[in-house]
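**Student:** Chain by chain, the residues run as shown.
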Amino acid sequence: MAPVVRPPKPRLLRLLDFTAAALLIAATWMVFFYAPSAQAEAGGETQRIFYFHVSAGWVGMAAFITAALAGLIYLIRPNTKWDVFSVAAVEIGLVYSFINIATGSIWARPVWNTWWTWDPRLVTATVMELTFLAYLLLRQSIESPERRARFGAIYALLGSLTVPLTYLSIRIWRTIHPVVIGSGDPTAKGTFDMEPQMLHTLLFSLLAFTIFGITLLWHRVRLGWLADKVEQARMKAMRS
Amino acid sequence: MAKFRTYLTVVTQIVRKDLAVEWRSRQLLASMLVFALLVILIFNFALELDARARSELSSGVLWATFAFAGTLGLNRSMAIEKDGQAMDGLLLAPVDRSAIYFGKVIGNLLYMLIVALFTLPVYGVLYNVNLFNGGLFLVILLGAWGYSATGTLLAAMAMQARSREVLLPVLLFPLLIPVLVSAVRTSSFFLEGLESVYIWPNLNLLLAYAVIMPALGYMFFDFIVEE
Amino acid sequence: MITAHGVNKRFGYRLVLEGVNLDVRSGELVALLGPNGAGKTTLLRILASLIRPTLGEVKVAGFRLPLQAELARAQVGFLGHHPMFYEDLSAVQNLAFYAGLYGMTRPEARIKQLLKLFDLLSRSNEQVRTFSRGMQQRLALARTVLHRPKVLLLDEPHSNLDREAVATLDELLRGLARKGTAILLATHNLGHAQRLAHRVEMLAAGHLAESWGRGKLASKQFVPMYDRALRRAQRGIIHG
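Residue numbers (the working numbering), protein chains in the order written: chain A, 1169 to 1408; chain B, 4 to 230; chain C, 182 to 421.
No incorrect hints appear here.
Which chain B residues face chain A? A few, computed with CB under 10 Å, are given here:
1) 153
2) 167
3) 170
4) 175
5) 181
6) 211
7) 216
Far from chain C, some chain A residues (derived; all Cβ distances over 12 Å):
8) 1187
9) 1191
10) 1200
11) 1202
12) 1207
13) 1214
14) 1240
15) 1282
16) 1288
17) 1292
18) 1301
19) 1305
20) 1309
21) 1329
22) 1389
Sample of chain C residues lacking proximity to chain B, with all beta carbon distances greater than 10 Å (derived):
23) 187
24) 341
25) 351
26) 358
27) 361
28) 379
29) 400
30) 406
31) 416
Simulated from the structure, these hints should not be mistaken for laboratory data.
Using N, Cα and C, we set each Cβ at its ideal position, and we do this for glycine too.
Assemble the whole structure, with the sequences as input and the hints as a guide.
**Tutor:** Here is the structure:
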């Protein structure tokens, strides 16, 4: 039997692991100790979850867009590596978007006195999550690896393109989602004025979540590539 | 020009063939119509629609009905090609593969319109609501077209997967939200006779969807059917 | 009329065809012999533009695949393993549909002619569902030659045919070859190959291993020669 070889983790990845962990810890500290409390109408202490809520939301969306782009590249140049990248991005996106929805819900309870409302952003976030869950289900039902990759890429693209349309279609109704950045209904419950320290915390959290996301992505992609190599070797062994 | 004529011929041939197959077996339309009726009935019990609520909820109930009945048509439309591998026959035609796509989309559109043609008067009679409205017809046409364009593309994918009948709705409905939302809103506005300023935003979205999805279908269909 | 150069086809990690070079000229009838699973069907489907090769160049009727596939398809008649019919429609309706797909304007006479040739005239208006396997095969053959293609790709065309039908088919194929049609016929039955072919190519485990001309085919030694060559080819590949 051939000796078992564990491929070494690239040095950059090791560094990234460490950095991501450090950033997350720092961000958490900032959220609890650096950022000031928000007004009671915005949830008081619960409002602190806002930093992770928004960060998770942005990174989740970015992950899905990355997945769609990787899919597009796969369609143009069919190389398994792009497909692995695409799936990995979707999985990361699903986790982050779920965190976004869950933290949003936790924040909503004290502010709006409900766990859920049907406003545009929430619904769109949910639809987006469901779309990419469907993506995973689609992949699971297809046996041929090339077809799986192709169909996945197409569905990721279709999904990404319909999400903005979904948002627009629902936005015609009035939103009660607090609009902190950008225009919106100022009377929406939960809005609060952003003091400079809050902005710092938000940006830092965004950075931390992004680096953490990239680290996870790299790990997942590496896992996928290694699994691919194993499959190739297995096929070769079966033939001889 | 000749190439376009060939393309158009293939599209029409496919539509006529699907209608001919349907005419011979009459399986699909009957199922879709009965299904639509059942859905309306279920909504009646589920929602306890009183006279006042009915006119507001009509759009929603109608579109939910169309959305569900539509999946029957999509499934069947692709299943015809799967039996006996007839799809290969289509793929051998000397024409761009998107002609097959559009042929199927139009076929599915026709099925949906026939269902609508049947459902509207029945609903109108059962609930004493006047659904004879030009705007409503326009919305149904646009909505059904968008639905068909997306559904045909996804049905082509689902056809090649395991548990295909279950997979299709799961894949389809998240992508249909823009159409369904806009169609329901615009339908209600037309039925309530609101001013056009309220109708335009959602109608525009319906139009955008009706253009974007077939374009995407045109681009991607080949990738789905080739090996 | 048919040229394949260096054709490879990979499904996932399985290499189904490797380094296939094939040349069929106008008026030639070439038999593709080989055991089941050798890759005959895959090769035919590649030539019919139903599958894209992983590597290699293919030219059919003077058109390159996949770039000019549409134009090539107009000149190709393909017969696969499946009948490719709409069972609820009649024989005439099916043929008329395919005639339409190939842009034939007044196909009624041609359809009638072919139905008569294959002895299906009496059942023209009956649903294909009621046809026996042999009848469906005959109808499929009618469909294959309907649009007078310059190239014929036939996968086991004699299957399910009775003696009379086999004779009809043989005569048709010989006639078409004389008129300049290029015919590639895949079969695992040596008898058919010996009777009809100008040349035989043996496909074993994805490789075109050997080739025999008219002279060798006619000899009594052909069958044992073929068996030896097949065993050699398969052994060679196992020790690859």
